[in-house]
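Generate the whole structure from the sequences, applying the supplied hints.
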Amino acid sequence: LSISFFTRKGEIPAVMDFSCTVMPGEAMGIVGESGCGKSTVSLGIMRDLSNIGKIVGGKIKFQGKDMGELSDEELRAIRGNK
4 LSISFFTRKG
14 EIPAVMDFSC
24 TVMPGEAMGI
34 VGESGCGKST
44 VSLGIMRDLS
54 NIGKIVGGKI
64 KFQGKDMGEL
74 SDEELRAIRG
84 NK
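First residue of the sequence shown? That's 4 in our numbering, and the numbers climb one at a time after it.
Worth flagging that the hints you see were computed from the coordinates, not collected in a lab. Each hint can be trusted.
Heads up, simulated DSS-like pairs for lysine-lysine below, C-alpha to C-alpha not over 30 angstroms straight-line:
| id | residue 1 | residue 2 |
| --- | --- | --- |
| 1 | 68 | 41 |
| 2 | 64 | 41 |
| 3 | 85 | 68 |
As structure tokens, this is what we get:
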């Protein structure tokens with residue numbers, strides 16, 4: 004997963020090539036120094052980035068579905084429930 008922010012000054016890469024696999028029954032935590040991209044990755048996974056943040060590479064799959072192809076309604080049904 005790669006995420007960038009786009010400003011008047013151009014593209015600012017925020018996360019580059021984040022990758023993980025979480026199997027059913029497993030949990031994962033994201034740890035790291037302040038400003039390393041933990042929140043950006045989490046918001047990107049849930050497609051809840053600000054209007055200037057965009058996923059510029061990679062795919063997010065959840066239960067076999069590509070999260071990038073889900074409607075806002077389908078995403079709302081997943082957030083906080085699964």
